Every structure is written in C-alpha cells, then in structure tokens.
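Protein chains: 2
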Amino acid sequence: MLVVQKFGGTSVGDLDRIKNVANIVKKTKERGNDVVVVVSAMAGETNKLIDFANYFSKTPPQREMDLLVSSGERVTSALLSIALQSMGIEAIALTGRQAGIKTTKDHTKARIMDINPAKMQKHLNEGKVVIVAGFQGISEEGDVTTLGRGGSDLTAVAIAGALGADKCEIYTDVDGIYTTDPRIEPKARKINVISYDEMLELASLGAKVMQSRSVELAKKLGVDIEVKSSFKPEIKGTLITKETPDMEKVLVSGIALDKNQARVSIFGVEDRPGISAEIFSKLADKNINVDMIVQNVGKDNKANLTFTVPETELELTKEVLKEYENKAEAIEYDRDIAKVSVVGVGMKSHSGVAATAFNTLAKENINILMISTSEIKISMVIDEKYGELAVRALHKAYNLDK
Amino acid sequence: MLVVQKFGGTSVGDLDRIKNVANIVKKTKERGNDVVVVVSAMAGETNKLIDFANYFSKTPPQREMDLLVSSGERVTSALLSIALQSMGIEAIALTGRQAGIKTTKDHTKARIMDINPAKMQKHLNEGKVVIVAGFQGISEEGDVTTLGRGGSDLTAVAIAGALGADKCEIYTDVDGIYTTDPRIEPKARKINVISYDEMLELASLGAKVMQSRSVELAKKLGVDIEVKSSFKPEIKGTLITKETPDMEKVLVSGIALDKNQARVSIFGVEDRPGISAEIFSKLADKNINVDMIVQNVGKDNKANLTFTVPETELELTKEVLKEYENKAEAIEYDRDIAKVSVVGVGMKSHSGVAATAFNTLAKENINILMISTSEIKISMVIDEKYGELAVRALHKAYNLDK
Chain A
1 MLVVQKFGGT SVGDLDRIKN VANIVKKTKE RGNDVVVVVS AMAGETNKLI DFANYFSKTP
61 PQREMDLLVS SGERVTSALL SIALQSMGIE AIALTGRQAG IKTTKDHTKA RIMDINPAKM
121 QKHLNEGKVV IVAGFQGISE EGDVTTLGRG GSDLTAVAIA GALGADKCEI YTDVDGIYTT
181 DPRIEPKARK INVISYDEML ELASLGAKVM QSRSVELAKK LGVDIEVKSS FKPEIKGTLI
241 TKETPDMEKV LVSGIALDKN QARVSIFGVE DRPGISAEIF SKLADKNINV DMIVQNVGKD
301 NKANLTFTVP ETELELTKEV LKEYENKAEA IEYDRDIAKV SVVGVGMKSH SGVAATAFNT
361 LAKENINILM ISTSEIKISM VIDEKYGELA VRALHKAYNL DK
Chain B
1 MLVVQKFGGT SVGDLDRIKN VANIVKKTKE RGNDVVVVVS AMAGETNKLI DFANYFSKTP
61 PQREMDLLVS SGERVTSALL SIALQSMGIE AIALTGRQAG IKTTKDHTKA RIMDINPAKM
121 QKHLNEGKVV IVAGFQGISE EGDVTTLGRG GSDLTAVAIA GALGADKCEI YTDVDGIYTT
181 DPRIEPKARK INVISYDEML ELASLGAKVM QSRSVELAKK LGVDIEVKSS FKPEIKGTLI
241 TKETPDMEKV LVSGIALDKN QARVSIFGVE DRPGISAEIF SKLADKNINV DMIVQNVGKD
301 NKANLTFTVP ETELELTKEV LKEYENKAEA IEYDRDIAKV SVVGVGMKSH SGVAATAFNT
361 LAKENINILM ISTSEIKISM VIDEKYGELA VRALHKAYNL DK
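Line by line, the protein sequences are chains A and B. If you count the first sequence from 1, position 184 lands on 184 in full-length UniProt numbering, and the numbers rise without skipping. If you count the second sequence from 1, position 218 lands on 218 in full-length UniProt numbering, and the numbers rise without skipping.
Among the clues, some could well be false.
As the list makes no split between identical chains, a pair holds if one copy fits it or if it spans any two.
[Said to hold, decoys possible] Pairs of lysine-lysine residues, derived as DSSO-like cross-links and limited to a Cα-Cα distance of at most 27 angstroms, are as follows:
1) K122 with K19
2) K402 with K220
3) K208 with K385
4) K48 with K26
5) K219 with K322
6) K363 with K187
7) K322 with K220
8) K190 with K348
Rather than coming from a laboratory, the hints here were simulated on the basis of the structure. Please read these numbers as outputs of a predicted model, since none were measured by experiment.
Using the sequences provided together with the hints, build the complete structure.
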C-alpha cells in the first residue's frame, strides 16, 4: 500500500516529537507500505519568522516572505530524514521544488498547478521513505512560493492524488473529527466515517481540524483522508471519504458552533430590482465574506435585508454601508450572535430534521434570528449567550451522544 | 562601480544588526554603485541546526545536512531584502541556485564549478540590489550543497569574479588585517594594503579573518578584496590585492603566531632513499596535514627526521608511526611548541631579514627548534611559553609599531 502521512506543527514541535514521528513512519514502512511524509514547520517557527519580517515592515514583500517562511518546513524535512536514517530506514528529504510541485506565482497564497511525481516515484521504487517539505512549491519563474494557511495539508492531498496513493493520513493533535466540540459537550463522540461534503460544512463552520480547500481537493481527486493523532497513533481516527448509501442511515453527523460572525440588518430600503446586488457587489469589492442572507418585504414597498459577516470584517462593512445610512430607515449591527449548524447527509433522504432543530431550540426558549439551509445542513443564528446551550440540546436531540 | 559586499554571522547577528547592514548597503547604492550583497546565517543559527541534527545522529547524512543548514542564509537574505525594500531601496533575495551557483556534489564541502551570472545581471540592470544567500549552491542533481567553512566569503569572491565587480568588500567584526594579533601586541597596526600571497601566509598561519581558499580564489580571479568592519563601516579596512613594486619597499608586513602545532621527531631511522616518502605517504593517507619538515643526517648512516602536525591530529599521527617504533632509535612528541612567522614580500628583494629574526630571538634567549623559509616567509618553531614574547620582539625589530 502507498500511504501519504502529513504531520503538523505540534506533531513536529520539538526534537522529541520529531523522533516520535520517525517511529510512526518506521512502523508504517516496516508493515510493508511505501511511505511519503509531508511535514510542517516546527510549531512556532513560522510565526517567529513572520515576527522577524514585521520588525522591518508591516507589509513585507510577498516574494521574500515566501523565501523566508518556506525555510521552516525545509528544516523539519531534513531533520526527519536524518532521524529516520539514524534508525536504519532509508529516506530522502525533498523540497517543494524537488518534489515537482509547480504553483502559480501568487506569493503567500499560491495554487498548485501541477505535480510531477517522477522524482518521488523514483525514490519510492528504490525503497526509500520520501519526505517532502510541506506548504511550498515553485513558480514558473523559479521562485519559492507558499500555499497559505493549511498549505501542508494541501501538499499532502495533492501528492496523494498525483501518486495515486491508497490513503492520506493527516496527523494532528486531536484524534479525529467529533460530533461537536468536546469542550462544549463532553459527551461528543468521535466520528468514524464522514463524507467530504459533511466535512466541508463542518470545516467552514468552525471545526478547525482541516481547511476547506484541502477537503475540496481530496473530494476532487478522490483521495481518502484519515485524520488522527500523532500523540496516539495506534488509535483509529476519522475517515473522510466519498458518500456511500450507508452514510445516509445516519441522520445527523455533527453540530458546529461559530461565534465569530456579526449580523448586519438594513431596514426599509427601497424595494427595487438590483438593490441587493448593488450592496453585495460593493461588499465583494472589499473582499468581505458575506455568509447567510435573508431578505423580507416590509411595508410601503420597502425591504428589510439581513446578513452575516465575519466579526473581523465588521468595521470595513460599516464603512462600505455608510452611503446607505440616508437611503435606509435604519442599519443595525450585532456582534453578539452565534451560528449553530446541524450537518448530515442523512437529511437528504429524511424529513423532519429541520423541525427537530426548531423544536429543540424552542423548548429551551432560544429565539432563532435567522435560518438558512442547504441539502445537508441547517444553520440558525441565535443570541451568542445561548450558543453552548443550543449545541448541547441539539447534540442530545439527534442522539449524537449514543 | 559594481561592488560585492559580504556580511558575516556577527554582522547579521540580530534584527538590529541586519538593519545596520541595510543602512550600509543603502549608502553604497545611493552613492551610485551597483551592489550585490552576500550574507551568512545569523550568528549561532548554523550551530543550532547542527546541534539539532546531532540529537539524532553523530554522523548525519551530508546531503540532508546541506538542506538543513542552508536554510540559515536563506532566512538572512530574505530579511535583508525586506529591510531594504522597507527603506525604499529596490532589492531581490536569491538563493544559491537562483544566483546560478553550480557546485560539485561533495555535500558539506562542495566546490564551485561555475557561476551563471545572467539572473543577477538582469536584476542589477533593473536597478535592484541583489542579495545572495551565501555558503550554498546547487549540484547537477538539483540538490542543495554547501561550501564548507568560510563558504560565504567564497561565494562573494566567486560572484565578484563572475560579474567582473570592481571590488569585493568582506565585512566582519574586525576592521582589517593587523601586523600581528593586537591581544598579544597592543602596538599592532592595521595594514592598509597587502598582497594575496602575504595574506595567504598570514591566513594559514593563524590570522583567522579570511580562509585561505577565498584568498586563493581572489588571486586566481584577480578580485580586489577589502576587509572591513560592519560595526565601523566608515573606517577604511585592509585591501588585499595583487603584488605591486611599491609593496616590496615594506620589508615585513606581519608577524603570525600559531600555537596549535605539535612537533614529531624520529631519531636514528635508516638513511635509505624513500624512507621519508614512505612515512609522509602514510600520514597523507590519513589526511594528516604535515607542515614544517626538517631532516638531518646523523651518525652511523642514520637520519633524524622532524616535522610538525596540527595538535588535533597528533593522536592519529602516533597511531600511524607505531610501526616505526622498532625501526627508529626513538620517537619524540612535543605539544608545547609555537610557530612564529615573519611574512613580507619585501624579503624577496632585501637580504638580512632572516638574520634579524634569528638575532632578535637570540637576544631574548629564545632557542629556535626548527626553521623553514619560503620566498616571503620565515617560520620558526620555539617553546610554546615564549610565543608571545617572540611576537612582540619581532614586531619591534621590524619597526611594525611605527
């Protein structure tokens, strides 16, 4: 079997942890597998380098930032190769360039264009463990690029796709994906199998184990991902894979809570065609990420428009909306909201899932401010102070603690 | 004018020091020069990475070591580029590979095979300061290589040669080459101009400012080097350049002291052709660096052979000579010696320089154990305890304090 294993910053956080990773890789190899390992920088290294750069400039040139921060993963890859070879395991460390990872030249947020796996394949054929510095590639100009947040996961998934690997294991500091945040609901259970789409809904909703774009790429390439813990490698993690009929038997997979949203309500704007389009275009121009949108017709041919934006983008949103202050009856901003989401592919084939959600919150006397639904998700905006209560109530209502 | 400036580890030891370097480069650029900058790793970084590797193995694989330690210079080059750009100076950081530095694949001690200066030249033509990560290049296999001790000096000299630079400035923590070690003789003066050959004799004899191989390369390529201090950049340093008739007017340029040698004496070996060759071949096979050699004929057709080796290689030397214990009357080893050398191109055209040296030591009652001379150097081995006294006496005898 060909396995790609990715180890994040805390998994390679110091020399002892790197030795631990070497042991995991050694065991995998000795079970007869071919192994490609993708590593992040040692925890704290990337931020240290960014702090260094910020000493000189708050807006350092992005090309040089990539040259700077890409060194962290190179160091880890070399150290892991040294550790493995000292244990008698043949290994070779490759940079992004050497691994054949070609990207766009969008420094600090490059996209992978192509992977030429010939060099990796050659070393695998020679029986070596191939170690790749994650998070980085090379542009057509020959410059080092980096892939942005979650870039090492992306490297691992893309390599797994290019090599036709049987499995991509993402090692992190938690042992899998849970039905909800265990700090909110101690009865949260680890999910054994979850579909790409469910994971995408959970990821974008605050389950921060994996970035959406890595899950999207895995879905596109058909790569099976197992999320597991480098601290307890013997424990089975969560498999993220394509949807099967079996999965639909489970109504709801998980409950997510997102407290980093703010609500914007514009009351009594003129209800003419194109008014919403105009407002949302202007927000998009400023790269403001609008999430839920609700529009109602009010009285006197006026409309009420409500939507959510990330809290961090609220000030910028206020600036954009300044020109509408005179055109609307009122504009209200509310930071104290939470978005609770119920996710599950089973919803597609079962009715009553939404009703259960609304009833559950009603029983707890929690007022629902906004609702938005997709095929596999129901999201509800409520007062922030009820967020945890809502999660626990919904977790119980869908029997996720069983 | 095209200037190559190289800054060593202490000159880029922290973020403030890097800012200081940026100011030096900025001034050079603003005086209308084209500037290429070669940087070392921040002081301590390379040793930190080597310690990391040694945690896993005392003999880590050299290819991975190069990938590991080369990251230090990359970080400095990116940071300096960020610093310069924040000051409004256009700059670009290049790795050894991007600077076109092709080397042999002898990892950790690669030799530069060729430099393709096209990319550097292109950026210079665009008015940019070009910053190159020192100490590293790339092999034909596409692997990162490093050049060994003093590698960043070598990078700077080789680039100066490839670009036909007018000058190569080596910035360090001393402001030039001195007539002798100022810690031994406070009256030591800074030398304004010195020939490559004199510098080579001084370098190999313990003036540790520049490695011999960088001076040799500068001589071969005809590159003028100025050694100066990044702490006092306004002060003129020492120019290392080709010999001129003017230089010969100065009898002696400097006095060097080397206390890291040991003396080996083999008494009463058979005086037949080839016996010395046999012994020195065996020492060479073990990479033992024999320096001074003296051979005398003794009585009864037996020869006495004396030579010096680095103290660190004395134990290995003893092993090699074990087989001669029965073939010689006696073998003596002496660690407590010092080599004092008088260096100057003026010796070529002036007589009496050697006599002055011998008389000076005689006046101080210092016994000379061995003598060896070249065209521009007289070396004398004496008891280690007289080393500093001999240096001070010779420094005065040749009027170097004037």
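Point to revise | Same-copy or cross-copy closeness of K190 to K348 [CA-CA at most 27 angstroms] | key: within (22 angstroms within a copy, 85 angstroms between copies)
Point to revise | Status of K26 relative to K48 across identical chains (alpha carbons, at most 27 angstroms) | key: Answer is between; shortest inter-copy Cα gap is 26 angstroms, intra-copy 30 angstroms.
Exercise for review: At 27 angstroms max between alpha carbons, let me know whether K219 reaches K322 within a copy, between copies, both or neither.
Suggested key: Answer is neither; intra-copy 41 angstroms and inter-copy 70 angstroms both fail.
Exercise for review: Check K363 against K187 for me: Cα-Cα at most 27 angstroms, and say if that holds within a copy, between copies, both or neither.
Suggested key: So K363 and K187 pass the 27 angstroms test inside one copy only (21 angstroms; across, 92 angstroms).
Review point. What label fits K322 with K220 when the C-alpha limit is 27 angstroms: within, between, both, or neither?
Key: Neither way: K322 and K220 sit 41 angstroms apart in one copy and 70 angstroms across, limit 27 angstroms.
Exercise for review: State whether the alpha carbon distance between K122 and K19 is at most 27 angstroms within one copy, between copies, both, or neither.
Suggested key: within (26 angstroms within a copy, 45 angstroms between copies)
Point to revise | Alpha-carbon proximity context of K208 and K385, limit 27 angstroms | key: Only inside one copy: K208 and K385 sit 21 angstroms apart there, 68 angstroms across copies, limit 27 angstroms.
Check your understanding: Can you tell me if K402 and K220 fall within 27 angstroms by alpha carbon in one copy, between copies, both or neither?
Key -> neither (33 angstroms within a copy, 80 angstroms between copies)
This entry does not satisfy hints 2, 5, 7, going by the numbered hints stated previously.
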